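A.B. asks: Each chain, letter by letter, is given below.
Protein chains: 2
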Amino acid sequence: MSKLRVNAFTLSLDGYGAGPDQKLETPLGVGGENLHKWMIGTRTFRQMVIGKDGGTTDTDDSFAVRSFENVGAWILGRNMFGPIRGEWPDDNWKGWWGDNPPYHVPVFVLTHHKRAPIVMEGGTTFYFVTDGIHSALERAKAAAGGKDVRVGGGVSTIRQYLQEKLIDEMHLAISPVLLGSGEHLFAGLDMLKLGYRCTSQVATADATHVMIGRA
Amino acid sequence: MSKLRVNAFTLSLDGYGAGPDQKLETPLGVGGENLHKWMIGTRTFRQMVIGKDGGTTDTDDSFAVRSFENVGAWILGRNMFGPIRGEWPDDNWKGWWGDNPPYHVPVFVLTHHKRAPIVMEGGTTFYFVTDGIHSALERAKAAAGGKDVRVGGGVSTIRQYLQEKLIDEMHLAISPVLLGSGEHLFAGLDMLKLGYRCTSQVATADATHVMIGRA
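Those protein sequence lines, which keep their order, are chains C and L.
Position one of the first sequence corresponds to residue 1 (the UniProt record's numbering), numbered consecutively onward.
Position one of the second sequence corresponds to residue 1 (the UniProt record's numbering), numbered consecutively onward.
The set of hints was computed from the structure by calculation and includes no laboratory data.
Note that this is a predicted model, so its numbers are computed, not measured.
Glycine included, each C-beta is placed from N, C-alpha and C at the ideal position.
If a hint is listed, it holds; no wrong ones were tucked in.
Below, simulated DMTMM-like cross-link-like pairs (lysine to aspartate or glutamate); rule was C-alpha separation at most 25 Å, straight line:
#, chain 1, residue 1, chain 2, residue 2
1, L, K37, C, D190
2, L, K193, C, E33
3, C, K37, L, D190
Some chain L residues judged to face chain C by a derived CB distance under 8 Å, without partners named:
#, residue
4, L13
5, G15
6, I174
7, L179
8, F186
9, A187
10, M191
11, K193
12, R197
13, A203
Derived DEER-like restraints, expressed as beta-carbon distance ranges:
#, chain 1, residue 1, chain 2, residue 2, range
14, L, T130, C, T130, 55 to 65 Å
15, L, M48, C, T130, 58 to 68 Å
16, C, S156, L, A215, 25 to 35 Å
Whole structure, please, built from the sequences with the hints as guidance.
C.D. replies: As structure tokens, then:
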């Protein structure tokens with residue numbers, strides 16, 4: 001059965017999914033790159049995202065591998081696709097990833113800015129959804145052809161789907177980093193009342209990986 | 001040099017130091033006991049807190065051991081000493097721990113309720129401080145005789161000392177548990193701007209132990 005998943009979403013110790021001041025030069029917010037140390041060294045990240053050989057093949061990599069498995073479509077919040085301030089909305093902006101983004105499936109971007117789909121190299125097509133998270137989910141499930149739909153983030157997008165109890169499974173990586181401010185994943189969101197539980201944890205030198213599911 | 005420390009303070013994945021609805025029957029809040037699984041099995045906890053033999057002597061225990069080392073005085077928030085609702089303020093209430101509490105040194109309780117000190121068995125004396133966190137710290141440092149002062153909690157007490165940049169070192173244990181609501185340690189507290197950094201992490205099956213210090 002097709003699931004709505006979050007994978008490899010990384011939080012700081014103080015609960016932030018991105019640092020403050022996200023913009024073109026610092027898409028992860030100030031200090032945000034420290035968050036992703038566990039991921040950046042893995043073979044999967046190097047191969048899938050930056051197109052290089054090498055990298056680790058340990059526990060961190062196994063979570064990275066799983067994050068790309070059986071994904072038929074993605075949903076991204078507006079800030080995951082483009083900078084909060086700066087080039088986007090602008091029809092020349094085609095995402096952070098260059099001509100061949102690491103998705104290779106349809107990607108549904110939540111936005112208030114209507115725009116025609118963009119067909120990229122390697123199988124990725126960006127669709128812009130202006131009528132809300134439920135519509136994006138319906139379209140993504142239809143496009144996924146029975147595979148799972150992965151919510152890539154950011155924090156506010158994940159929060160909206162959690163609030164509606166629509167996320168089936170969530171893998172979070174908690175990094176040993178303080179960010180101080182930014183977008184908080186859990187503040188004000190009662191995960192227990194929403195029916196979520198932590199089902200497992202395993203830690204590495206650079207992150208604690210936790211799985212959260214519906215009770 | 002005498003430090004102001006937090007040790008073995010345990011947070012849920014969603015950032016809470018205690019569950020909701022703290023009261024006499026559930027001093028850690030609903031679900032709060034799941035938080036402390038890493039600690040409850042250790043030899044140190046069994047020996048120091050419940051007076052029993054046995055227990056684990058692994059990484060979790062080494063953090064428990066260190067939490068009691070070189071502590072010359074404690075500071076506790078009011079809720080750490082007594083239930084929010086219920087028996088206290090009431091001069092028959094002498095804390096959660098029975099006649100011989102696991103402190104064995106002077107303990108300064110922050111409260112708005114004036115009360116004479118209580119001398120307990122085993123070296124613990126409870127002093128009630130009604131003129132604020134700075135006064136409590138001064139008195140605790142004087143009482144500690146050159147040893148460290150440990151802030152036992154709860155969340156709001158730790159937050160107040162962090163906000164004043166007075167905590168030198170903090171050991172947090174993050175448990176693979178969601179609490180959903182309660183007191184949040186980090187929300188609205190910019191740890192980076194306050195000068196704090198995560199200096200190390202090590203994980204066990206039941207918790208991720210992180211050390212936070214001043215940069």
